[in-house]
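Peer 1: Residue numbers (this note's numbering), protein chains in the order written: chain A, 2 to 296; chain B, 1049 to 1363.
Honestly, the hints are just simulated from the structure, not real lab data.
Ideal Cβ positions, reconstructed from N, Cα and C, are used throughout, including at glycine.
One or more hints might be untrue.
Take a look, some chain A residues computed to stay more than 10 Å from chain B by CB distance [what the hints assert, rightly or not]:
| hint | residue |
| --- | --- |
| 1 | L19 |
| 2 | Y76 |
| 3 | S106 |
| 4 | R116 |
| 5 | G152 |
| 6 | E197 |
| 7 | M263 |
In silico lysine-lysine, PhoX-like type, Cα no more than 20 Å apart, as pairs [what the hints assert, rightly or not]:
| hint | chain 1 | residue 1 | chain 2 | residue 2 |
| --- | --- | --- | --- | --- |
| 8 | B | K1259 | A | K78 |
| 9 | B | K1166 | A | K24 |
| 10 | A | K191 | A | K78 |
| 11 | B | K1259 | B | K1166 |
| 12 | A | K236 | A | K249 |
| 13 | A | K283 | B | K1259 |
| 14 | B | K1259 | A | K27 |
The lines below spell out each chain.
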Amino acid sequence: MSAVSHSRLDLSYNDTWLRLRNKLGKALIYLTIISLSLIFVVPLLSMFSMSLMPREQVGAWPPEWIPNPVQFENYAKALYFWNFAQSFRNTVLVTGLSMIGDLLSCTLVAYGFARFRFPGRNALFMVLLGTLMLPFAVTMVPLYIGYNAIGWVNTFNPLIVPHFFGNAFYIFLLRQFFMTIPEELTDAAKIDGAGEFQIWARIMIPLARPAIIVVAILSFQTHWNDFLGPLLYLKDQQLHTLAIGLYKFQGLPGQGSLYNEMMAATVLMVLPVLVVFAIFQKQFVQGVTLSGLKG
Amino acid sequence: MSSATVQPLVRKRTLNPFRDLSPARRREALYGFLFISPWLIGLVIFTLGPFIASLILSFTNYSILQPGRWVGFDNYIRAFTNDDLFWISLRNTVVYVVGSVTIRVILGFVLALLLNTKIRFLALWRTLFYIPSIVPIVATTIIWLYVLNPRFGLLNWFLGFFGVPRLRWLTSPDTAMLGLLVMSSWWVGTTMIIFLAGLQGIPEDYHDAAKIDGANAWQRLLRITIPLMTPTIFFNVIIGIINAFQVFTQALIMTNGGPLNATRFYMLYLYDNAFGYLPPQMGYASALAWILFVIIFVLSLVVVRSSDRWVFYGN
């Protein structure tokens, strides 16, 4: 064998080795990702399957995965016997009204900060950012005392009314977006005789739709998931939201044998979030990256 | 911002900030205040008022059942010198903070690196890892009470394949904290998404140039990726610490601080003082809240102060 062909052979050997190594590396990455993502999703899948299981299958060892027979009545029991239908309605009501409050107040305030010059604007905006650092624990006790004094404990008011007065983080996000909208657009409308509120409603809100959807999703998640607020203020069972209903159900003596019905109630709480996520996946991810940037 | 109006050379100090404004500017300022008025009113009623009230309460022995008496610094002195549960809950919280933040940052970074290797179906994998993070926390606790169940839980079943004997998880003081830490890893998706966005922002030229210079994958990770990602990593660590410091819901629902105070966290202890104990100790709870506030305030200052040293703004 001549020296030239030997070196060529060497090269091709190296080449296939590299390619093999690359392929092996890729396979390893795929294997890791697939197995890890399975581990992540299994608890969620078992929630769904358990919610359809008969009582005997719950708590089997080793765990059983497929409901046999499929028992839809777990949902009926969760909804009507354990009254989660009422909790569901309450959660929809509180979440819906709070979202309206958040969106209405935050777009107004953000527009004020973005487009008007007034004395103390920058200082007030720093105060707004400063309130983001304040842990809820600090205001929790005086707020409770105040709501108790005006008879709002055991009503939905403390969970809804404050959201009509703005949320610092959403105001910040919307203001950043409003500032990117060219001033020529609003100036043109002004020349046409539009008032400030008309400009807010007819120009700013339609143009800020992408940012508003992100804020709406963050707001939906916050209120749908809220636990501490309802825990403090909703005492009567008639007023319970899903979060509190599940917490109380979980604490019942003997709930260990009711895992299937409890999981059915859990699905009732999780499913709407998953549906919203399926529709607005992109905005969810944007919301995460934006909240990751806050501070 | 450039202003077309001619500014007087010497501004007279006046009590009325509107006086110097032209009629048009005055009208603009009035509209500005009108638009931000919901927040201004809310700030006074729901934030500043309670903020000051909380500070005052922390120097009293107020409970909702009886009017309070001024006790000076007694609440603070009691917390630091005469309350074992304060120190136990603070220690537990620090353990949880260190554990959960370490898990989330390292696992989140590794997952983001794996997903950033030009693999197929990226959106699918990203979704699968992220979905647990959107599950409402109360639902998560119900699901994980099953996963961590000592008799028929999924985790014991899974660990059984590696020869690990069945653990008692939340029912034993030795493993309860570990159980909550394992559970916290389920939320790694959020951190992963932020890291992934950061990784995708690193220009490919950097890696290509280093490859030509003969740097292997490990060297590129240590010399290019990690230095460029430090601001994101640092930021996630601080935000993670601030959030984990307020761990509450899962501990209240899953262990209620037990067994034997193994998972009695700071917020749980604060909540018990304010609303759980009879009579409630709202004055003392307010002092605990202010101690927490100072801790979080200092951590936030670290973020603000150091951001210019850490944040990499591109070229």
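Peer 1: Hint by hint, say whether it matches the structure.
Peer 2: Here's how the hints hold up against the structure:
Residue placement check: L19(A) keeps its beta carbon more than 10 Å from all beta carbons of chain B (closest about 12 Å). The Cβ of Y76(A) lies farther than 10 Å from every Cβ of chain B, with a closest approach of about 15 Å, so its non-interface assignment holds. With a closest Cβ-Cβ approach of about 4 Å to chain B, S106(A) is found to fall inside the 10 Å limit, against its non-interface label. The beta carbon of R116(A) sits about 8 Å from the closest Cβ of chain B, which is not more than 10 Å, so the claim that it is off the interface is violated.
At roughly 14 Å, the least C-beta separation between G152(A) and chain B is larger than 10 Å, which holds for a residue marked as non-interface. Not every beta carbon of chain B lies more than 10 Å from that of E197(A), the smallest distance being close to 5 Å; the non-interface claim is violated. Not every CB of chain B lies more than 10 Å from the CB of M263(A), the least distance being 6 Å, so the non-interface label is violated. The suggested pairing of K1259(B) with K78(A) is violated, with an alpha-carbon distance near 62 Å, which exceeds 20 Å.
Among the hinted pairs, K1166(B) with K24(A) is consistent with the structure: their alpha-carbon atoms are about 13 Å apart, no more than 20 Å. Between the alpha carbons of K191(A) and K78(A) the distance comes to roughly 59 Å, so the proposed pair goes past 20 Å and is violated. Distance hint between K1259(B) and K1166(B) is fulfilled; the C-alpha atoms sit about 17 Å from each other, no more than 20 Å. For a cut-off of 20 Å, the pair hint linking K236(A) to K249(A) stands: about 11 Å separates their Cα positions.
For the hint linking K283(A) to K1259(B), the alpha-carbon distance of about 33 Å lies beyond 20 Å, and the restraint is violated. Among the hinted pairs, K1259(B) with K27(A) is consistent with the structure: their alpha-carbon atoms are about 18 Å apart, no more than 20 Å.
Hint violations for this structure: numbers 3, 4, 6, 7, 8, 10, 13, all remaining hints satisfied.
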